[in-house]
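Asker: Below are the chains, spelled out letter by letter.
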Amino acid sequence: MKDMIKVTLGLVVIFVAAGLIMGLTYMKTSPVRFIAEKKEHEEALKLMAPEATDPIHAAGKWTVHKKEREYYAATSGGKTVAYIADTAGKGYSSFIQMLVSLDMDLKIKDVNILHHGETPGLGDQVEDRKLFLDQFKGKALQQLVLIKGETKENIQAITGATISSRAVTNGVKDAVQMLVDKYGAGVKSAAGQGATHEVKHEHK
Amino acid sequence: MSTNSPSYWTIFKNGVFGENPVFRLALSLCPAVAVTSGVKNGTLMGVAVLFVMVMVNATVSLIRNFINPKVRIPSYMFIIATWVTVTDLVMAAYARDVYKQMGLYIMLIVAFAIVLSRAEVFAMRNKLIPSMIDGAGMGMGFLLALALIGVFREFLGKGALWGVQILSVKPLPIMILPAGGFFAMGLIMGGLNWIDRKYFGGTGASSGGH
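If you're matching them up, the sequences are chains P and B in order.
When we follow this note's numbering, the leftmost residue of the first sequence carries the number 278, and every step to the right adds one.
When we follow this note's numbering, the leftmost residue of the second sequence carries the number 91, and every step to the right adds one.
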């Protein structure tokens with residue numbers, strides 16, 4: 278019994294010391310990390326609407342996947358030129374964080390993946406612009422349906438990475454839906470036929 | 091085994107050549123394949139592992155009389171996890187470009203057999219400085235192995251080195267895939283054994299995990 282107590286106490290001391298080291302490191306590094314991430318986010322926002330000359334400020338907040346995120350109206354000299362939203366999709370092994378920008382017709386200007394933890398070599402292909410990501414450009418809300426086959430009108434899933442593809446598609450769709458709801462009054466192309474979350478299987 | 095303590099240089103050299111983690115001990119081969127599709131990632135991973143191994147060996151050696159043998163494995167694991175976490179946090183704050191490329195893999199260092207093995211086989215039985223040097227030698231051996239495999243795979247697989255395109259064709263694209271990675275590793279291992287036998291009079295045999 279006394280032996281067990283000695284062993285346990287020894288372990289506790291090691292664990293507490295290790296915890297202190299980790300805690301201290303976190304204290305020192307997390308401010309630096311936070312500031313760096315904020316700066317990168319601002320730069321990423323600028324890339325989403327490069328023609329906007331004014332600094333981009335948050336226009337409001339919305340919630341997706343239980344986290345509050347921001348959306349923005351990018352302006353040049355006070356005149357709105359694009360809408361941008363922070364969004365996320367539930368991927369295979371992570372939440373895929375993205376930025377989506379819309380032009381004044383509420384069609385997608387650009388999608389940029391900020392962060393993900395998907396499988397290297399499979400799910401991480403969603404970052405590949407030529408293979409997947411650039412498909413979103415120019416599409417409207419009702420076109421954002423994931424197809425497991427060839428399609429030009431909708432979004433073609435990556436073979437072997439359906440879940441990651443779906444995560445990005447849904448994350449983008451949620452963002453576009455939200456921006457359309459907020460800013461869409463009076464824009465014709467916003468009146469979509471209610472896009473659904475299904476994955477269509479095209480059997481040949 | 092000699093009865094005199096080996097010199098620091100001998101300990102260090104052992105980690106790079108005699109008992110190279112990848113080509114002799116054949117430990118941590120999976121990560122060695124996973125990150126070596128390019129020279130840059132392989133080398134950066136090697137640097138992270140080098141740091142972790144030096145710190146883990148130092149820590150284990152410092153408290154070696156205090157760790158109860160009955161629970162030494164959990165003790166090693168927690169020490170390793172601590173240093174890997176420190177590496178991850180520091181990288182995320184101060185080396186963001188590298189972290190974007192390597193972030194997912196850094197946490198995996200916790201599972202590397204080579205780190206655990208050296209803690210048990212060397213750091214637990216030796217003083218502080220030799221243990222740190224062993225960690226440095228093994229880490230350096232791992233780094234050089236990864237860099238070498240990375241050069242092989244990136245050049246043959248993509249015709250590039252460190253992201254810089256050198257050839258206009260991709261000679262052997264399979265080198266980018268895991269199958270090609272293991273193949274490359276085996277070829278290099280065989281090649282190094284051959285050189286060892288021919289020019290350095292070595293036996294060229296792998297001594298296994300311990």
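Be aware that a few hints might be false.
Straight-line alpha carbon distances no greater than 27 Å define the calculated DSS-like cross-link-like pairs of lysine-lysine that follow [said to hold, decoys possible]:
id, chain 1, residue 1, chain 2, residue 2
1, P, 315, P, 344
2, P, 344, P, 367
3, P, 305, P, 367
4, P, 279, B, 160
5, P, 316, P, 338
6, P, 407, B, 260
7, P, 459, P, 414
8, P, 344, P, 305
9, P, 283, P, 315
10, B, 190, P, 316
11, P, 283, B, 260
12, P, 356, P, 338
13, P, 323, P, 283
14, B, 130, P, 414
15, P, 416, P, 356
16, P, 367, B, 190
17, P, 429, P, 315
18, P, 283, B, 190
19, P, 323, P, 414
20, B, 190, P, 407
21, P, 356, P, 315
22, P, 305, B, 217
23, P, 407, B, 217
24, B, 160, P, 316
25, P, 338, P, 414
26, P, 315, B, 190
27, B, 260, P, 343
28, P, 315, P, 343
29, P, 414, P, 316
30, P, 323, B, 160
31, P, 344, B, 130
32, P, 384, P, 429
Simulated from the structure, these hints should not be mistaken for laboratory data.
Asker: Hint by hint, note whether the structure agrees.
Answerer: Hints versus structure:
Annotation: proposed proximity of residue 315 of chain P to residue 344 of chain P holds, straight-line Cα distance about 17 Å (limit 27 Å). Proximity of residue 344 of chain P to residue 367 of chain P is assessed by CA-CA distance (about 12 Å); at most 27 Å being required, the pair is judged to hold. Between residue 305 of chain P and residue 367 of chain P, the direct Cα distance comes to roughly 31 Å. Violation of the 27 Å bound is thereby established for this hinted pair. About 14 Å separates the Cα atoms of residue 279 of chain P and residue 160 of chain B, which keeps this hinted pair within 27 Å; it holds.
Between residue 316 of chain P and residue 338 of chain P the alpha-carbon distance is near 19 Å, which keeps this suggested pair within the 27 Å criterion. In summary, the hint linking residue 407 of chain P to residue 260 of chain B is supported, as the alpha carbons are separated by about 19 Å, within the 27 Å threshold. Pair hint residue 459 of chain P plus residue 414 of chain P holds up; C-alpha atoms about 21 Å apart against a cutoff of 27 Å. Simply put, residue 344 of chain P and residue 305 of chain P have alpha-carbon atoms about 26 Å apart, close enough for the 27 Å limit, and the pair holds.
Among the hinted pairs, residue 283 of chain P with residue 315 of chain P is inconsistent with the structure: their alpha-carbon atoms are about 47 Å apart, more than 27 Å. The hinted pair formed by residue 190 of chain B and residue 316 of chain P meets the criterion: a straight-line CA distance of about 15 Å does not exceed 27 Å. Among the hinted pairs, residue 283 of chain P with residue 260 of chain B is inconsistent with the structure: their alpha-carbon atoms are about 61 Å apart, more than 27 Å. The straight-line distance between the Cα atoms of residue 356 of chain P and residue 338 of chain P is roughly 21 Å, inside the 27 Å bound, and the hint therefore holds.
For the hint linking residue 323 of chain P to residue 283 of chain P, the alpha-carbon distance of about 59 Å lies beyond 27 Å, and the restraint is violated. Restraint check: the Cα-Cα separation between residue 130 of chain B and residue 414 of chain P comes to about 32 Å, which exceeds 27 Å; the hinted pair is violated. Simply put, residue 416 of chain P and residue 356 of chain P have alpha-carbon atoms about 23 Å apart, close enough for the 27 Å limit, and the pair holds. For the given pair, residue 367 of chain P sits about 20 Å from residue 190 of chain B by alpha-carbon distance, which is consistent with the 27 Å threshold.
Between residue 429 of chain P and residue 315 of chain P the CA atoms are separated by roughly 36 Å; this puts the pair beyond 27 Å, and the hint is violated. Distance restraint check for residue 283 of chain P and residue 190 of chain B: the Cα-Cα separation of roughly 43 Å exceeds the 27 Å cut-off, and the hinted pair is therefore not satisfied. Under the criterion of a C-alpha separation no larger than 27 Å, the hint pairing residue 323 of chain P with residue 414 of chain P is consistent with the structure, at around 17 Å. Under the criterion of a C-alpha separation no larger than 27 Å, the hint pairing residue 190 of chain B with residue 407 of chain P is consistent with the structure, at around 20 Å.
Between residue 356 of chain P and residue 315 of chain P, the direct Cα distance comes to roughly 25 Å. Compliance with the 27 Å bound is thereby established for this hinted pair. Of the pairs offered as hints, the one joining residue 305 of chain P and residue 217 of chain B is violated, with about 30 Å between alpha carbons and a cut-off of 27 Å exceeded. Between residue 407 of chain P and residue 217 of chain B the alpha-carbon distance is near 55 Å, which puts this suggested pair outside the 27 Å criterion. Restraint check for residue 160 of chain B and residue 316 of chain P: the C-alpha separation of about 49 Å exceeds 27 Å, so the hint is violated.
Note on residue 338 of chain P and residue 414 of chain P: the hinted pairing holds, with a Cα-Cα distance of about 24 Å set against a maximum of 27 Å. The hinted pair formed by residue 315 of chain P and residue 190 of chain B meets the criterion: a straight-line CA distance of about 15 Å does not exceed 27 Å. Proposed proximity of residue 260 of chain B and residue 343 of chain P is contradicted: the alpha carbons are some 45 Å apart, above 27 Å. Between residue 315 of chain P and residue 343 of chain P the CA atoms are separated by roughly 20 Å; this keeps the pair inside 27 Å, and the hint holds.
For the hint pairing residue 414 of chain P with residue 316 of chain P, the CA-to-CA distance comes to about 25 Å; that is within 27 Å, so the pair holds. Restraint check for residue 323 of chain P and residue 160 of chain B: the C-alpha separation of about 57 Å exceeds 27 Å, so the hint is violated. In summary, the hint linking residue 344 of chain P to residue 130 of chain B is not supported, as the alpha carbons are separated by about 35 Å, beyond the 27 Å threshold. In summary, the hint linking residue 384 of chain P to residue 429 of chain P is supported, as the alpha carbons are separated by about 15 Å, within the 27 Å threshold.
Going through the hint list in order, the structure does not satisfy hints 3, 9, 11, 13, 14, 17, 18, 22, 23, 24, 27, 30, 31.
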